[in-house]
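Protein chains: 2
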Amino acid sequence: MNPKIKWLRDRINMENMQGMIISNPVNIKYLTGIEAEGTLIIARKENFFLTDSRYLEEVQSVLTINDGIIVNDVASISRDDYENFFLFCENVGFEENYITYAMYKKYIERYKINNFEETEYLIEKQRMIKDEEEISLIEKACYITDQCFKHLCNYIRIGMTEKQIAEEIEYFFKENGADGLAFETIVASGKNSSKPHAVPTDKKIEAGDPITIDMGCKYKGYCSDMTRTIFAGYVPVQIQPIYDLVLKNELQTLKEYKEGASIRVVSKMVENDFKLNGYDLVHSLGHGLGLEIHEMPYINSKNDNVLKANMVVTNEPGIYIPGSFGVRIEDTVLITKSGSINLTKSDKNYIIVANRA
Amino acid sequence: MNPKIKWLRDRINMENMQGMIISNPVNIKYLTGIEAEGTLIIARKENFFLTDSRYLEEVQSVLTINDGIIVNDVASISRDDYENFFLFCENVGFEENYITYAMYKKYIERYKINNFEETEYLIEKQRMIKDEEEISLIEKACYITDQCFKHLCNYIRIGMTEKQIAEEIEYFFKENGADGLAFETIVASGKNSSKPHAVPTDKKIEAGDPITIDMGCKYKGYCSDMTRTIFAGYVPVQIQPIYDLVLKNELQTLKEYKEGASIRVVSKMVENDFKLNGYDLVHSLGHGLGLEIHEMPYINSKNDNVLKANMVVTNEPGIYIPGSFGVRIEDTVLITKSGSINLTKSDKNYIIVANRA
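Residue numbers (this note's numbering), protein chains in the order written: chain U, 50 to 406; chain W, 50 to 406.
Okay, chain U solo, but in the shape it has when bound:
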């Protein structure tokens, strides 16, 4: 049995559950490598993946005998088969944050489940701690993203539109081995940079524009996430103190990120320093990432947990002056026992682009 499924079986046994239905495709991919529609059944003795004929071949090609997963075509599963999966199981777990109310009712009826128990993000919590292979895939995604940023610094010209730059980013990712975008790219120039979640527009880059670029790719399923605010032609003097304040806090956060650090305290540190200077941190300081671009842990001052070694999280303070401009600087960071390793290597000092015709 593969080690991730073995872990899950041990874990649910600890909670006095004899089985579990896993429906969230990201959790299924995490546990088995399978990327196909279907349901993973952890039964009393065996593990099953229920899928349909469209995916059978693909699923079989991903699994090895070592995974210990029996693949079933739903078309060949009878009413009785369904009832047999959890025979003699007192308590069966389910993902209450993933399955709909309608599915919940259908599962109870179909599998004849006695006690269907909420599992409270059991697998998502385990996904916070990355193994070596996962870390190396995220590292590769970050590397491609750094290369893309390097390319953009030479590519961007006055008069290009935000959309053009966003398209170039997607093209670069695909040409350089990434699966594709990890999320919709943000390219926000001039006043548009004052919106934290801006969408690329037809606005052209003008001299003196700050340009906030928030981008990430996926590599073999794993995400990267970085943001830089760069400048077209020159750095306007009124932006400099804000940039310096954001960068100071980004660097300070990098120092604080380590195993055992309180997520609340680190977030409060940035919030308070911004407040002392008359600004607010209007979004979270960061978030975990991995198979999904936003995963646990969420780095904000409401989270009472601590960081742990082998978590991968973003560090992305930002300040936004409505109607004027904004600055955000974001790295993807690996937490270790003694500190943090920045997986994003791009420069964070003032970067001026489009200073040639």
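Quick caveat, the hints were computed from the structure, so don't treat them as lab data.
Among the clues, some could well be false.
Note: identical chains are not told apart, hence a pair may lie in one copy or across any two.
The calculated lysine to aspartate or glutamate pairs, modelled on EDC-like cross-linking and capped at a C-alpha distance of 20 Å, are [unchecked claim]:
1. Lys252 x Glu224
2. Lys244 x Glu107
3. Lys304 x Glu107
4. Lys351 x Glu305
5. Lys244 x Glu106
6. Lys269 x Glu320
Chain U is already provided as a structure; the job is to place chain W on it using the hints.
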């Protein structure tokens, strides 16, 4: 109050419900035009949209006084406010196929709901019947897609990869006024065309390849969907009878599509004709489309409903010979009282591309 919300209020009253919580963002977009995270509350007398500070400005800019929707920032809603929304409501509806079991429990607790009632795709069923504006947006999306196909017929060359062609499609859509892709484009050449759900690969186009291109864009939120199987250089003789059989059934389906037509009977007609010739229809004959690429009605032989005027559905018979090749031809079609109007105008006879160096 806008007519779609007025319809919904009348509809839930008919079912003896005094309120409803709408959580599915596609249904919210349909009813209000709002594209933002949040919850639409149909209360006893008023309508509310609960969102957070990130979206307030955007939401206010979409709504007019005529919509009759009060926008609330969740940060300013107290415990008591939540309980007041459905005060004196005996039955409140919810989307059991959209909200998770965890949300279901949270809603009951937060809103102090007495009877929380399943609404069985109430809004999705209404979305099947398109109004004039919706039809004209789908028409525009189909027009852009036809233009893209015209472009591809000149663009494709021997030696290009499937991925290159897929990227050109996305680029063309964005350059020609579409919001972007309606779904991940399929470009499947040679043997790859035998997989109905193929993903574009680095395989190069070779002379004699059938190339199945399944593509669609979104225009102001509304989707198009078309498929053509075209040929690089020449049409291999062994593919011709299959192509002719698929095309014959596609044309026959177009004739059968009209208000009152039985979805089951039309699907069976194609299934049976394929069977008589020794083939199976391995996927549905079609599906509704609109704000989503796959919507009700699903056109297959298990659906006992009839077509209605102003439904927009695809017509996409296909035959796949494992390991060899496949042919699919798909149009987006508007159902009318007396017949159907094909919104996809591209040619369906043998199309040969890449016949120049």
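Now the hints, each set against the structure:
For a Cα distance limit of 20 Å, the shortest separation of Lys252 from Glu224 across copies, 15 Å, qualifies, whereas the shortest one inside one copy, 26 Å, does not. Proximity of Lys244 to Glu107 under the C-alpha cut-off of 20 Å is restricted to the inter-copy arrangement: shortest distance 11 Å between copies versus 42 Å within a copy. In this assembly of identical chains, Lys304 and Glu107 lie within 20 Å of each other by CA distance neither inside one copy nor across copies; the values are 44 Å within and 37 Å between. When the C-alpha separation of Lys351 and Glu305 is checked against a cutoff of 20 Å, the pair qualifies only within one copy, where the shortest distance is 17 Å, while the shortest distance between copies is 59 Å.
For the identical chains of this complex, Lys244 and Glu106 are inter-copy neighbours only, at 11 Å across copies versus 46 Å inside a copy, given an alpha-carbon limit of 20 Å. Proximity of Lys269 and Glu320 under a CA criterion of 20 Å is satisfied in neither setting, with 35 Å inside one chain copy and 38 Å between copies.
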